[in-house]
Amino acid sequence: MSNKYIGQSVTRLDARDKAMGRIKYTDDMCDKGALVIRVLHSTVANGIVKKIDTEEAEKIPGVVRVFTCFDLEEKHYYPTAGHPWSTDPAHQDIADRLIMTDRPLFYGDDIGAVVAEDEVAAAQAIRVLEKSVEYEELPFVLDAQEAMKEGAPQLHEKYPNNVLAHTEIHMGSVEEAIKEPGLTKVEGWYETQPVQHCHIENFICYAYGEGDRTVVVTSTQIPHIVRRVIGQALGMDWGKFRVIKPYVGGGFGNKQDVLYEPLCAWISIQLGGRLVKLDVPREDTFISNRIRHAIRYHITSWMRPDGSFAARTIKAWCNNGAYSSHGHAIAAKGLNAFPQLYPCDNIDGETWTVYTNRSVAGAMRGYGMPQASYAFECHAEDCARAMKMDPLEFRRKNLMPVGYYHAFSKNELYSDTFNQCFDKGAEIIGYYDKVKKYKNQTGDIRRGIAVSTFWYNTAVYPIALETSSCRIVMNQDGSVQFQLGETEIGQGADTAAAQMIAEELSIPVSMVHPVSCQDTDITPFGTGVYASRGTYTLGFSVRQTAMLLKEKILEAAHQFTRMPVYNLDLIDGKIVRTTDGRELMSIGDLALSKLYTTDGSQHLTAESTYQIKSNAYSFGCCFAEVEVDIPMCRVRLLNIVNVHDCGQVINPLLASGQVHGGQSMGIGYALSEKLMWDEKTGRPLNNNLLDYKLSSFMDHPRLNAAFVENYEPTSAYGTKGLGEPPACPVAPAIRNAIGAATGLYINELPLSPHTLFREFSDAGLINDPWRKEEQGKEGR
Amino acid sequence: MSKQYKVVHCTVNGKEIEQIVDVRESLTDMLRNDLRLTSVKKGCEVGECGACTVIINGEGFNSCIYLAVWAEGKEIWTLEGLTGPGGELSDIQQAFVDEGAIQCGFCTPGFIMTSWEIVNSGKEYTDDELRKALSGHLCRCTGYENIFRAVKKTMLRHLGKYEEAELVNSQGITEYPEPMPFK
Amino acid sequence: MYDMKALYEAESVQDAVRLRLEHPDAQILAGGSDVLVQIREGRRAGAEFISIYMLDELRGVSIDEEENIRIGSLTSFSHITKDPIIQKYINVLGEAVDMVGGPQIRAIGTIGGNTCNGVTSADSASTLMAWDAVIELTGSEGTRRVPIKDFYIKAKVVDIRPDEIQTAILIPKESYENCFGHYIKYSMRNALDIATTGCSVNAVLSDDKKRFERVRIGYGVASPIPIRAYSAEEFIKGKEINEENIKEFALTVLQDVNPRDSWRAGKALRQHISVVMAERALKECVKLAGGEADE
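Taken in order, these protein sequences are the chains called V, A and D. Converting from the first sequence to our numbering requires adding 3 to each position, the first position being numbered 1. Converting from the second sequence to our numbering requires adding 17 to each position, the first position being numbered 1. Converting from the third sequence to our numbering requires adding 231 to each position, the first position being numbered 1.
No wet-lab data here; the hints were simulated from the structure. All figures in this text were calculated on a predicted structure; none of them were measured in a lab. Take these hints with a grain of salt, some might be off.
Examples of chain A residues toward chain V, derived with CB under 10 Å [said to hold, decoys possible]:
(1) SER56
(2) VAL63
(3) GLY122
(4) CYS124
(5) GLY139
(6) GLU141
(7) THR143
(8) ASP144
(9) THR159
(10) GLU180
All C-beta atoms in this analysis are idealised placements derived from N, C-alpha and C, irrespective of residue type, glycine included.
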């Protein structure tokens, strides 16, 4: 297929408006007269709210109403995950949340809300209320493995030992396999930290009454799911709610959860449909939205002398925080990836998702794979070193081979992706030369280079429903509007879809207009964007719908050209007679004629749903080159190169942007970001952008993104996932590069000065003569 | 307690204005709510993210931690003021569009304001100086790469260095001949 | 919107003094980059404030008749960095305040505010300590001067009397003459951060550049308030410039450096970095002064 619009660096369709500052995000659309909601958060990590005295708060001028958990007449427990609903109760998300609770399970849980005329009155009321809550405090637990122990505080009655879920995988027999003589055993604990999405637009929503319904405008990735969950949370018919999604200032998975839309809708209803706005302050975003799971991995491998795997085991403990959100899906994704990335005949694996009294973990760019990639690729490096093999060659030898077929997902590795990505990345960064150059360094400042890879797939088939719907409406001039459930949240979905439609209808992209803001009253059903599925899944419905429209166009053309449909085509905005190539009429003339004809007037539109029953591997790698200042315990990232095979690249400029963003998140994940809680109180310590060390402009080198384009055969346009993959391999590449520089391969994140100081001290790279006793090594 | 108000006289985007403000308002509040200049974004309200950056008397400030009453007598520019009367983008806005420096767009207005200050300074910044000059803004989408390129290119064009500007395209690998101790 | 009970805007220094006396509970608001954030946090919510931000008479850098460098208290960090007097005589101060937060914070943040909040992590503080700066305060009975080491009383408490505002910071001539300084800010990222610990060193070398005539070293976050490491200064005075002496100097700072353990950073890390910084910063000073200190 020769493409005219696909594969081009078309400018983002919303870029101009964004550069002018006239794009409207949620807060920009909200009327100034809105009442302000502030959520009252628990100041204990585990407990029971006995009483909330609201009298004093209600007296504050400007305070309109105070709601507490005791105002809920009916308790409707609801799920929050942005997963497609299942009509099979066994596959439904766990419903463990209330819009306000008298049984707070983490510091920051929602126990009440204030409605006020302005933010100052609301904040004053919150400060007063925080002192007016009587709790029965209960012991709390912050660590996943501690939470599983006998006698640990129990969070949810139905989940003994706080285990939300436990799954296992077994292949062959590890027990038998390790009897083979001559095996080398490599074992490691790998610890990842909780981090937050930090989209620059905080979560915000507002609600108001319209007729007998409630409209909720919200910064979300998943408007149709939000509508369903509001209905569930309020125990009302789903059709009673209309959800509108304006432009979104980043989501990264946090907005793939239903956050405060149900509470906001409920409050509006309590106030007779008044306009109420719930704008989450940055400090609360860190605590009471979602975070990325901290996952602790333990991996053991038994290697044959030739460097192949004889047997492997893996265990993972996934800290889910206080509520289920996405449940076991994230831990399970990592566990299921394990036997696929480095196949081995004998594998035992198990993983636990565990409730703890911490902020709730949910989806965040990579959905468990940044954690798993860290563990897998630290371990792969350790295995290579144990076998004295070049780490890159070790990977080439052991990674999933071409032709690998995964029976459950029906995914197949069609191309020699891994080697192609490695070759390309190695050449760009000069890997082999630098490996040589950086051998046997001494001194305070040392450099290192290393690589890592990752496992990813594109969508959620076969685990959950994959469906995409598209509507295309033609205007009198032959231009079109299109609508999709796949939301534009900054990643460029609208632009990619427009390129596809332009390709299919053979009209310029300038004639294809996205209806960018989803409205559940108007937009065809779609579950939103997540799982790096947008471009892949929307491609199916876009293509199918565009083909339907094209069929209608050619049928209409038959009416005005008298030619049989099979001799007509749509080429460059013209109706063309294929037998001689003659242009018979323009698409604009056709659309106009068809609408206004007195003989069979028709508005040319098409709409269709496509249910996707396929998925696609999306692989790549990251090379990182670092300089380590040992006495200063600091790492400087010198160069970074990601190479991805996401199939056909629809838009190289936007695709590179996705890679840069993932790299950037990976850099922060590797070197500086970590959410912390006070061990004594369970209180979050660094819930602001000063103390939470998101990497700044000055912490970034130039970012290199490259692609290997193996056309994905299952896909409508040969494309597959790219949103999340770039974030996955960065941290292990940096860890391995620090190891190459210093000889110290550190198994936890972030590799901040705190961690490096401890490790360098333990290893004797730092010798402080005044510290008589070695620092006790923390952890296991 | 009765509320305290004040009339603020200033120039916003080239236009003289008089605005009654509640003295408790931040400049962000005044610009967003009173003047409806919604390009000024709220991302943290404590001066960490830079999304609310506006130019005051030629220098970039976080308008969230700047009292509206301090605007008295000042000349203020927001992103709305950079677009020409016929909707023409300034060169720095156009560079953000062309270089793919915009994704979700929420940090964009602030970034463009700081970049506008940089490219109009008449100074040629080194790469490290550019990074530092832009370091008061957080972005979670772009990894800063394309923003860097947009600003550097526009800066060079302002200095008449058109050929050099074109060379900024390649990302490429950076060579660091000397070790760079932290000091 | 900020939770302020009342805002009094001073129109002159004298007006500020009057407002101070009239509203004894009101707090002073200079650039606000700390104070406004603390209102939002609730720590200062609901208080009365006296804004002195509009007092342009307190902006600018000059050399006074006594040849002191005089920095108006409301001079912003960005203007200090750009100022030719600063660049000529005490460039390290310009460099130090150029590491505060990000550019927009440096545009609003004032050197007076940075010292009056009494915070040990302030990037200007260790340098001002190390250069024996003098604080000028103006009250109802005129001005008085306080050496900066006496200005800091304890964490977040400085010597400002109920009728006073800080009006200038002075660097005496004997302090800046022939003196070269270097500041290292140690933080967890390269911008938008507060110092985990900060170290400012300056040195006067002998005419032949072989000996240290005078070395001063100030620290932030080595103690609840900014401090000097006098023991180390004493040790190095008059000593030959060599690796061994510099290393010993660096180790000696621990006699004065006593950082605390917090979740932001452990004491051991802060101590370790304090020593490394002392060594590296002193070597930089030697270089700047035209001497030689081998790496």
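Each hint, compared with the structure:
1. Hint status for SER56 of chain A relative to chain V: holds, with the closest Cβ pair at about 3 Å, below 10 Å.
2. Hint status for VAL63 of chain A relative to chain V: holds, with the closest Cβ pair at about 7 Å, below 10 Å.
3. Proximity of GLY122 of chain A to chain V holds as hinted, the smallest CB-CB distance being about 3 Å (cut-off 10 Å).
4. Annotation: interface hint on CYS124 of chain A holds; nearest CB of chain V at approximately 5 Å, less than 10 Å.
5. With a cut of 10 Å, the hint placing GLY139 of chain A at the interface with chain V is violated, because the nearest CB-to-CB distance is about 22 Å.
6. For GLU141 of chain A, the shortest C-beta to C-beta distance to chain V is roughly 18 Å, which exceeds 10 Å, and the interface hint is violated.
7. Interface restraint check for THR143 of chain A: the shortest CB-CB distance to chain V comes to about 13 Å, outside 10 Å, so the restraint is violated.
8. Hint status for ASP144 of chain A relative to chain V: holds, with the closest Cβ pair at about 9 Å, below 10 Å.
9. A least Cβ separation of about 6 Å between THR159 of chain A and chain V falls short of the 10 Å threshold, and the interface hint therefore holds.
10. Violation of the interface hint for GLU180 of chain A is found here, the shortest Cβ-Cβ separation to chain V being roughly 20 Å, above the 10 Å cut-off.
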